[in-house]
Structures are given as structure tokens and as C-alpha cells.
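Student: Letter by letter, the chains look like this.
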Amino acid sequence: MSTGFHIVVCGSLVPDPLQTLNPVQGANGPGLKNELMLPAVLDPFAAHSLYEAANLAKKMPGSKIWLVSLGNKAKLQQLMMTIAQKVAFELVPLDGPASGFTDSFEVAAALAAAIDKLANLDRSRLLLFGGCASASRDAGVTLQMVGERLGILDQFLAVDELKLQEDGSLRILERIEGGQYQVSACAGPPAVLAWATGNLPEPPNNPQIGMQNMRVIMPALQKAQPAPVAAPGVTFASVTLPAQQRQTRVVKDVPVEEIAKEIVAWIKE
Amino acid sequence: MDATCREKMEREFPSTLPGDDVRQIMWRYADRFDIQMAVQSARGLARGLIARLVADGQRNTHEWNPRKEELLTAFDETGLTTIFMDPEEGGFIEGPKNLALGLVAFELSWVDGGAATCSLASNLALSPIHEKGTPEQKLFYMSRCVPPQPGEERKIWRGAFALTEPLPYVGVDTGVVSGKMRIAEWPEGGEPILHIDKRGRFITNMDFANFVTAAVDSDDERIKGSCMIILEEDDPGLFDRGAPTLKMVHQLSSTRDPVLSLRVPASRIIGGYTVKDGVIIPNYNHGEVIESVFRRTRVPVGLMTSAKLVSAVEPIIRYQRSRFRGGAAGSPGSPRHDLGLQQKEDAVQRLAEVWASGEAGSSLGFAALRLLDEFDPVEREKERLLAEQGVAGARAQMKLFKKLEQEALEYLELAAHNEAGRENPRLQELAGNPLIRFLVLEAQANVLCPGCKLWNTGQGATMMREAVSLMGGYGITEDCPGFLFQKWTDAQLEATYEGPEAVQRRQLSITMTNELFLAQFRQWLQELRGVAATHPGIGAGAVATAMELWLSTLEFIRKSKDADGKPLFHSQRHGVVFPLADALCWLLACRYQILDVLELEQKGPENPVLAEGLAGFVTFFSDLAATQAGRAAGETARICAELVYGFGREGEQVPEQEEFSRLRQQLDLSLAGSRLAKDRAAEALTKITIPEILDYPI
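Chains as they are written, first to last, in our numbering: chain W, 9 to 277; chain G, 482 to 1179.
It is worth saying that the hints were derived from the structure and are not from the lab.
All figures in this text were calculated on a predicted structure; none of them were measured in a lab.
Accuracy of the hints is not assured; some may be wrong.
Claimed, not checked - Straight-line C-alpha distance at most 27 angstroms; calculated BS3-like pairs for lysine-lysine:
hint, chain 1, residue 1, chain 2, residue 2
1, G, 883, G, 1040
2, G, 636, G, 705
3, W, 41, G, 1084
4, W, 171, W, 72
5, W, 41, W, 125
6, G, 884, G, 661
7, W, 41, W, 81
8, G, 1168, W, 41
9, W, 72, W, 231
10, G, 1047, G, 1084
11, G, 883, W, 66
12, W, 231, G, 883
13, G, 1084, W, 81
One chain only, chain W, in its complex shape (with noise of 0.2 angstroms):
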């Protein structure tokens, strides 16, 4: 009987975060203005799940891990050569935009499918990991859609912490209000876990499992379906970055006391 979990991670590229990030009203709809050319970076919760599942998979001999992605195949190339390095998996590219006007159903149909299509995957075996936002969408939802297309009943959300029991159970802890963890007991595989950050440091780079992921990457890469995912009947009234708010007053000499009255006063509001 063979062991081990099916780990299937989904994330993609979001623009590097600390790029300047100008919204545009293209001929397709709205973007980033130079979005292409901007340096890219596997989407933070996503990379979160990725390191987890690696995790997970040390600790499980006879586990697999997937990173299926949704993005424009040059991209993915060039983001592989650093997360390649990182982690083992095998990539399932999907050649369609990765931006943040897309529409979480089609991207959640278009993964889904993907998925069903895996050969060698043992859905008994499966955890459906990812992460459970994206830093370029605030969403919040495809995973659980891409869950539910595949038949997962099983699904927690903002997961910071996954621990194997033995008796083969799982034990999760998902972020819920006011700082507080909802923990849940799960019998099993399969589930969805959509991963907040998690709790371990990015891996360094290790250039040999880099190379054994290259050999496959690359032809998987060249073979990228492409999935035209889009919005249609959808329309972006206006798009705007998150204004800036700066509200300084240059005093002098005010007592301790009295600025933090004014901070609560403020608090208060």
C-alpha cells in the first residue's frame, strides 16, 4: 500500500510587491502599467503553502507535491529559477494571465481542471494546498471554488499550522478573529488547506534539487496549455491604488501625557 500524501499546491506570480504598481486602463481592461516587465515573485500565501507542503512531504516518505500555476509561461520560466531551488515538486503550467482582474471562478475552473487531469494522482492521498489569498487579488475564494469543483468537503481557511497526529489524523489551525486560532481535528486526506503564513522560513536555495526540477520544468513549460481565463461580462467602473494617508502636525514641546491622550482620543474616533 503506498504511503504518503498527493500534495497539490496552487499558486502563481504576483508582481514583485515592491515595485512601484501603477493601475492602467488598457485595451483589455484594466492592469498594471508595465505589468510584464515588472520582476515577479510566487504569490506570498502561495509560497507560504509551498513550504509547508515540502515540509509535510520530508515528514511523510512517499509524498508528492504539484505546484500547478496559472500565469504567462515566460514569467513562470523566469520565477522557476528561484523556487525551483527551493523545493521539490513537479510544475503544471497553465499559459494564461496571472493578473488581478481576473475572475476567481474561471481561475478556480481552469485550475480545477488541471487537477482532475494529473496522472498518478491518488485523490485518497490528496491535500489541496494554496494559499488563502492573493496578494494581487484580495479575493480570498478560489481555493475553496477549485475544492469544491473537485469534490473536497473538507476545507480550512487562513491555516497557519498543520500537525500530523498519530493515529493518522490531522490537527489545524486556522486564523479567526481577534488574534485567535479555531483548531480542527480532520480524519484525513483529502482536504483543502488554504495556508495564511504559515510558520516556517523560506528554504535557501539548493541548486541540485534546482537542477533535478529544471529537467522536467523546462519541457513542462514548452507544453503549457493555454488557459484563456478572463472576466468576461464583467466591467471595471475604475481601479485605484489604496491612498496613501499622511495626517502630521509639527508641535512642540507637548507633554508625554498629552500626546498619548490625543493618540487615544484619536484611537477613539
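Dock chain G against chain W, hints included.
Tutor: Below, chain G alone, put in the same frame as chain W:
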């Protein structure tokens, strides 16, 4: 609408700073994912741990300490330690690794040159073994320098390269060493045991080196000549790591002045030895080993300085634009707020010059490394063939090569005029001779490598001062974004170590007159004439004309005497040949800069990511190339005019000077447009989008 107006409206600017997609094409590693991964690893480390060490003030101490020690573990964990090794030794890059190592050095120096040196120094220690070591030596030391794999219980070894010695006396002289070796004992029928005395100065990695590859000379009539030898920390005798070198730069590399007095078996002589009539004859003297090593390792040093210039661009743009923000004058949306100092022409034009210079140095350096990658297997094949033919020793080799030189020249001539598709049996015959290929590539490498080391570091240090000045007072503070002050001073060391500028000029003054090089140089001149016809705005015409002027000057000084009747051309007449070598470097850097832009223009359309921004990048890099071409042509004209006229007597003129004047005038005319190109490049710098913040700490 008139043509000028239309051109202005249609002109594209680069949308962002050039990213990996652009650089991979320009520097020719778009199809090498192994190298791309190495670049990402080095970048992550540089902008993470290394930047944090600099920001935390770790450069403020000469001592190696636990914080700096973190670098070594990080090099191991990210695979940078193993880049030098072949896959069978535990590495991950197949074949020659010069380009890969250069790119890693470039990425690390983007933040800190000392960290780059720290990374490269172990490779430098291994290089003598890699280049000339016996198979047993290679296997033993290379495999020990690979980080242990998971589950493997062993300590990784690190090395130091010891050539430099304390002053007075030798200092660093590749021809002379004061380190000595003599025979301590020689058991009957057994391995001789040597006693080695070596004092080192400025030896990198000495705080933690487990072995040292040291240059020593014979102090015993039973040993012939010099050699490089491997000394281990556990060898019997004294392995004193010495005092820290009190250097003011590159403080993230360990540097000490060791004292070594050890007994080692003769089998540690790098490359082995033979015994003839009771005398130990090393198979390679130390000069042969060092020549082979430095040819390769000097180029990454040149690139380290170029990286500093290119890395300075983003922090300077940000400084210029934000210079007046936050003050009372200039509300958001006003030119003063949005452009700051970039409203002023001088600020952006000087920045364009810094960038152009960094681009030129990078292009030259990466071209040299690609050449070395091509040259490595050819050189090995040459050594195999010579051994097969029984050609031993430098004199016999030189005799053979002298005979082959004419054929190599014939090959170059035929290859230059061979039209595509036409089969030429003689050309194929010559092309199939590995020794001819070796001679042709060696002639190039012998100029490009010292040229890159000399120009990139020397001119780079000057331009780095300019970069610092563009940040005003901020530039000379410890917390200047981009660590520009530290980079400026680091550049001075880079101009010095692995052979200071005089050494590079000396080598160039000999190799630049090799007929095989000159034949290729003339072909490059014609090639640039062709480029000038198809790409009039890229500066190729100015560079080609300057190359012609340079050749004409060389010819002039070769057959002329000064006013006192002394021949102008002599390898020891440094006042003549050294400036000519300097001028050559300017031209070579420009040639490769132009070729990189053409590569981007040609291959860019194949990359879908670049589709929307390619025109802007090609236009901008063409303008930078033309800016640099104008500067290089002007510098060449100045140097050549001084050489041609400066040694004559006032009021007297020789007929050959008329031809020079004619060419000089042509060169002046060829500068047309170069300043307009700088105007455009400078304007582009006011429009280019930069990230919100620098991606490493200050």
C-alpha cells in the same frame, strides 16, 4: 509634422529598469537555466544576508567574526561554493564555468565587493589545482571543498591562495618569489619530503583556510626552479595564520598575513614532478600555473567594479527624484516634487555617463568570460595534442606556434571573406586544426582579460567617484542607499589585486601587438563599419574610426623615433605603450557594448515578455552605447594625438603626421550625434519607472 517632431513623438523610453529577461539576452545566458539559478541564488544572498551585514556595520572591523562567518555557511547552502566544481565532484554546472562565476561575482558585488571576494577566494585557491593539478590532487581537494550532503559526516575544506609576500623585496611579482622550498629528507626509493618557508601578505580566506596553495622557489640545488605547492593546516611545522591585514575596504572578506614553515611530501607540488639525475623538476613552474589561473580569475574582478556602477543607478535616480519631497516648496504633481534634481540636465547626464560606463565594462567582462568558456576546452585539447606530439617545454611550443601563426592568419583571412554557404576546402582544413583555433582564441583572450581587469576597475573607480558625487553629502555617509561610498573605495582595491594596473598594462603592451590579435582587430573594425551603416545611432561609426586611428598610431610609433632619436616603440617605454593600451581598452569595451545592444535587438522579439518594452530598451541602450562611443573616441583621439605629436620637436612635422591629422578629423566628424544620444539617454532617466524602495537594506 516634420521628421524631427515625428521622431521625437515616436521615440520610446525604457519602461522599467532592465530585468533578467533583458540581461539574459544581452549577456547570452537565456538558454542556461543552471546559470540563471546561480544568478538568483547569488542575488538572494547578496540582497539578504550580505546587505544586512553591511547595514549592521560589519565592514567596520578588520577581524573575521561569527557574523561574517555566516557568509560561508550561506555560500554552501545556496550552492555558490559548488559552482566551481564539475558535477562528478559535487557541482551542478557542466563544462566551463567562467561566465557563471562572473555572473555570481557581479550579483554579489551589486551589494558588496568583499563578500564577492570571499566567495571567489576559495575558487582562487583551487584554481591552480583545477588548471594544472594531477588527477589525484584534483579529486582529493575538489571533493573536500564540496559542502557535505545531508547525512554526510565531514568538515568542508576551504583554501587560500598565497602568492603575495611582505614588503620589502617581493610584494607581488609573478616572476619572482621569496618563499622557499628545500629537501628536508629523501628516503631511499621513497617520496622526498620538502621543507617550505612562505610568508604571505594580504592573503584572502586565511582566517579559516584548511589548505594554502603557495608559490615558492627552490632553495636547494636538488630542486629545479619554482612551483606552486599545497600546504595543509595539519602538516608538521608552523601554520601561523598571522595578523589581520588592516585594509580599509572589502572588510567582508578575511585577509591576514600568514607565516608558514611546514614539511610536506613532494607529491603536493601542483601538477607533479619528475626526477632527473637526482634533481626534482616540477612539471609546472609557479609562473605557468599563475598565468593560467589569473587569465580566468581577473575578469570577474573587473566585473565586480562594473556591477557597482550599474547598481548605483537606481539609488541615484531615487535620490534625485525625491530630493525636494517633504519640503515646503513643491507639492505632489509639480515637477519639483516628481523630478527633483532630475529637472537639471547636468544631474541626469552625469548619471547617464555612469550607467554607460557600467554597461560598457559589463559587456567587455561578460564577452571575455564567454570567450574563456569557449577557450577552456580548446586549451585542453591543445595540451593533449602537444603531449601526443612530444612537444614539451615553452621553447618547443613557441617554435611550433611560430610556424602555425601564418596558417592562423590565413584562416582568419579566409574566414572573413568566406561568403555564407560557400565551401572552401582550405578554410575547412584550417578550421579543423585545434591548434590554429587555440592560437586565434588565445590572441583574443590575452588582450580581453587584462583589458577588462584594467579598464573596468581603473575607469570604473573614477566613475564610481562620480556616482558618489551625484548623491551629494549623502554619498559619503555610511547609510547612503546602495552603499556607494563603500563601493567607491572597494573599486580601488579591485584595481589593485590580482595584478595592479601597471601589470595589466605591461601584459597588454605585449599582447596587443600580436599579429593574430591585430588581424582580428581589423576585422572588428570592418564589422563596426557595417553596423554603422545599418544602425547609425549606436556609435559604431565613431568606434570604428577610433579603431582606425589607434591602428594608425600603432603603425606610426612602431616606425618612428622621438626628437632625440630614440625609438618610440619599445615594450619598456611605458610612456608610449601604456597609454596606447589604455586607449585600446576604451575601444574594446565599446565594441562589446554595441554588440550586446544588437543581440538584444535581434533576440528580444523571441521573448514574449519583452514584447511591450523591447523598443524602449533597444533605443535606450543604443543611446548609452553612442554616449560611451563618443567618450571613448574622444579619449582615443587625445591619447593618440599626444603620442603622435608629443615626442616631436616644436615646429617640426613629419609626413606621417598628415595622415594622422586626416584620420583625426574624420574621427571628430564621426562624433556627430553622440551628445544628442546623451541628451536622449538622460531624458529617459527622468521617465524610467523604478521600484518604490531599494530591495536591500541600508
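Student: Which of the listed hints are broken here?
Tutor: 2, 5, 6, 10, 11 and 12
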